[in-house]
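Q: The listed protein sequences derive, respectively, from chains A and B. Start counting the first sequence at 1; every next residue gets the next number (the working numbering). Start counting the second sequence at 1001; every next residue gets the next number (the working numbering).
Quick caveat, the hints were computed from the structure, so don't treat them as lab data. Predicted, not measured: the structure shown is a model, and the values here were computed from it. Note that the Cβ used here is the ideal one computed from N, Cα and C, for glycine as well. Warning: the hint list may mix true and false statements.
[Claimed, not checked] Mimicking DSS-like on lysine-lysine, the simulated pairs with C-alpha atoms at most 25 Å apart in a straight line are: (1) B:1350 with B:1320; (2) B:1271 with B:1291; (3) A:128 with B:1127; (4) A:214 with A:345; (5) B:1271 with B:1320; (6) B:1342 with B:1358; (7) A:190 with B:1378; (8) B:1320 with B:1342; (9) B:1291 with B:1342; (10) A:361 with B:1099; (11) B:1099 with A:345; (12) B:1358 with B:1378.
[Stated by the list, open to error] Quick look at which bits of chain A chain B covers, simulated, 3 or more residues with Cβ under 8 Å: (13) 65 to 77; (14) 93 to 99; (15) 186 to 200; (16) 355 to 366; (17) 373 to 379.
[What the hints assert, rightly or not] Each pair of labels, with its calculated beta carbon distance range: (18) A:356 with B:1385: 29 to 37 Å; (19) B:1101 with A:398: 49 to 57 Å; (20) B:1185 with A:100: 33 to 41 Å; (21) B:1039 with A:263: 51 to 59 Å; (22) B:1065 with A:234: 46 to 54 Å.
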Amino acid sequence: MPIFRYLAAVLASFLTMTSSVSAQEGAAMTAQRANALPLTPFYDVQDADLSRPGTLVRSEAGTGYNLPGGVTATRIAYASRNVSGEPVLATGVVLVPPGNPPAGGWPVIAWAHGTAGVARVCAPSLMKDLYYGWDGLFIYPLMGYAVVATDYAGLGSPGMHQYMWGRAQGNDVAYSIPAARAAVPSLGAKWVAIGHSQGGYAVLRIQSMDDQAKAGFLGSIPISSGAEIADVWALSDARMRSVGSSVLMMALSIKTVHRDFDLAKMIGPGALEKLPVIEQQACLDAADEAMRGVTRERGRVEGWMEVPEVADFARENRIFNEPYNYPILLLLSSGDEYIAPALQKQIPRDLCKVATRARYKFMTGVDHQGTINASLRDQFAWMADRFAGRPVPPGCSAMN
Amino acid sequence: MKWSGIMAAVSLALAAITPAAAQENQALAAQRANALPLTAFYDVQGADLSRPGALVRSEAGTGYNLPGGVGATRIAYASRDANGRPVLATGVVLLPPGKAPAGGWPVIAWAHGTAGVARVCAPSLMKDLYYGWNGLFLYPLMGYAVVAPDYAGLGTPGPHQLLWLEAQGQDVVNAIPAARAAVPSLGARWVAVGHSQGGATVIKVSALESRLDDPGYLGAISMAPATDYHEMWRRIPAGRASGGMALVAVGIKAADPSFDQSTMLGPEVMKLLPQLESEDCFDAAQELVAKTPGASQPPNWPDAEGVRRFTQANRPYLEKARGPLLVLLGESDPAIPLDITKRAISQRCKLQHAVALKTYPGMNHDQVIHASFHTQIKWIEDRFAGRPAQRACPGD
């Protein structure tokens, strides 16, 4: 399941207690392999010109996916920018609805996925179910929206994925749009961005990109997202009994910016030995599976949050630290197992300090993943208004 | 455990690791993995079935793999069979996430395609409710409560009168008041949506409503419906039998005890019927018959007397009807020929104004559900909003 699991460690400890076997290749890795498509040269840089972000590098028919009837897929590779503004190759998939496009082309959703892992093979476009399957993703095209689903650079394409550097993922989402339009001319000019979990941060960062990157952009729908990284850490570290894989993913990600970062200052010996498998092979579920039994004491280093590079990562990626002036619909659930109740209260407060045209809504009775489908009607109603050009009244408030 | 029981267990275990395991019906294994237990909920238990549409009992629908926020309630209710006799029927009510709008949830009655004839083939006894994401789970996420009857004889004691559309039509219309009694947040108004056997069923529902006159009925969407059975079956190449046709033979006899199944099925298929009546649902039945050497049908079986009686009795497209009807068909549907459907629908078009047929190039029997989904939702919205339905008849 695609989840932004800071708190996974807490749950993982229960799993460890109830399972007597800790096999090297567990059920999650087996499931990952069964869902995998081959990593081909399509995903390599080759001799691509990456000088202009948003440029389509190449495209091909998206085969091998278990798509709904009438939905077609096109794989794209395009030029994007990493968090430092350097050129990178990114890949993704464009899903086109059944039938003929309306006048002006299909309305477009830029889809930003949640934590998949950091290895190249963790690209959703290398999964038969495109990672999210019927959790929102397949439903959008059936309701008449084309979907541009980026993998994020480093997933699929070479180079370490800059996990949770939200501006990098924001770039990958926004620059996927002109590239997708070059590959699939039936896409219209207007688009909204929907992101789940890790993807929620990406779709908010689009709001502060330059006007050219935002051409046609109508707003952001972050789902099950928005907690500040430092707040999550502060709440979860004390409760950890074993360490979840996302801590390692962030450690690897920090090193993409702070090249001299000594990982041993953040993660303990029990987790260090798991780095190669997480860097190269194991996506989220399998990565957590690999981390089972890595205790808090052996998995991270006391005081890791205060290590300068780590603190800088949390500070640089504070999500509500700049004005957001495009429409926002933030969707959360009181039943979200990965966002603690204190943070559930904090997120809308933080949002409303910086967002000028935002609505937020809490679902009930659904978990982190279930929030996507439980809020679909709200998403569709909100998107219909945006594409129809209806204005969002100024302010930031709860929606009924 | 008795010695014979242990021996049986040992030999089963051996069977599982011998090459004979390759002969194992894979569809049946998948069926079992998807199965929920057949409980006393599905028994008649002396229920009063005198009033069709009366709720007999309900319970929380547990065990299903539902989308986030969707709730399920199992219902058992009084219905009528093809001969007008009281029967118990079961089904499931799915509720959308969130709070019902004023006036209650708008309702879709969902009529499923052929699942089999055994009791265990009831969709409400399957973790994915048989159709899963193939349309069914999408409707509640779009804000519609779904009332999904099993059809009498599936779940409830049989036999299931497969493709006797009076029976399945009754099961649909009677599920609506029963569902409302069990789940008060349902609104008064509903549309019927069906696929394949269910597509034929909702054409019958539109005919039933011309005399039932339920003011809450707003129309029907029929996907990939079987229409002119006789003409369809005459096109099946002679020789090999299929699991589907074997199930139909069971269904015909279920409402017409005088029917001689051997006029429709060869002797090798006849031997399989007990397995179909007790256990194998559609996919497993298909696989079973396909793997049976010499499984055949007699020549000219569609013209056998009992078969003709059945096909002539089930032509709801020739009956007067009420409410808009939208028919949706994949142009690459191997089961439902386009020209036969067009001819049948054009006959309904002579009796009714608001009929439309829309076809989908390249789509097969199942794909049409997804390919037409947006069209379905817009059409349903229009019905609930009281907007007039468009006519688009073949040959107009």
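Q: For the range 51 to 59 Å, tell me whether the beta carbons of residue 1039 (chain B) and residue 263 (chain A) fit it or not.
A: 55 Å, holds
Q: Taking the beta carbons of residue 1101 (chain B) and residue 398 (chain A), is their distance inside 49 to 57 Å?
A: 19 Å, violated
Q: Has the region 65 to 77 of chain A got at least three residues whose CB is nearer than 8 Å to a CB belonging to chain B?
A: holds (count 4)
Q: Verify the coverage statement for the region 93 to 99 of chain A against chain B, using a C-beta to C-beta distance below 8 Å and requiring 3 or more qualifying residues.
A: holds (count 3)
Q: Check whether the Cα positions of residue 1099 (chain B) and residue 345 (chain A) lie no farther apart than 25 Å.
A: 22 Å, holds
Q: With a Cβ-Cβ cutoff of 8 Å, does the region 373 to 379 of chain A contain at least three residues near chain B?
A: Since three or more residues must qualify, the claim that chain B covers the region 373 to 379 of chain A holds, with 5 doing so at under 8 Å.
Q: Is it true that residue 1185 (chain B) and residue 100 (chain A) lie within 33 to 41 Å of each other by Cβ?
A: 37 Å, holds
Q: Hey, residue 1358 (chain B) versus residue 1378 (chain B), does the alpha-carbon distance stay inside 25 Å?
A: 14 Å, holds
Q: Taking the Cβ atom of residue 356 (chain A) and the Cβ atom of residue 1385 (chain B), is their distance within the range 29 to 37 Å?
A: 34 Å, holds
Q: Next pair to validate is residue 1271 (chain B) with residue 1320 (chain B); report whether the Cα-Cα distance is within 25 Å.
A: 40 Å, violated
Q: Can you confirm whether the C-alpha distance between residue 361 (chain A) and residue 1099 (chain B) stays at or below 25 Å?
A: 13 Å, holds
Q: Starting from residue 1342 (chain B), check that the Cα of residue 1358 (chain B) is at most 25 Å away, please.
A: Holds - the C-alpha atoms of residue 1358 (chain B) and residue 1342 (chain B) are around 10 Å apart, at most 25 Å.
This entry does not satisfy hints 4, 5, 9, 15, 19, 22, going by the numbered hints stated previously.
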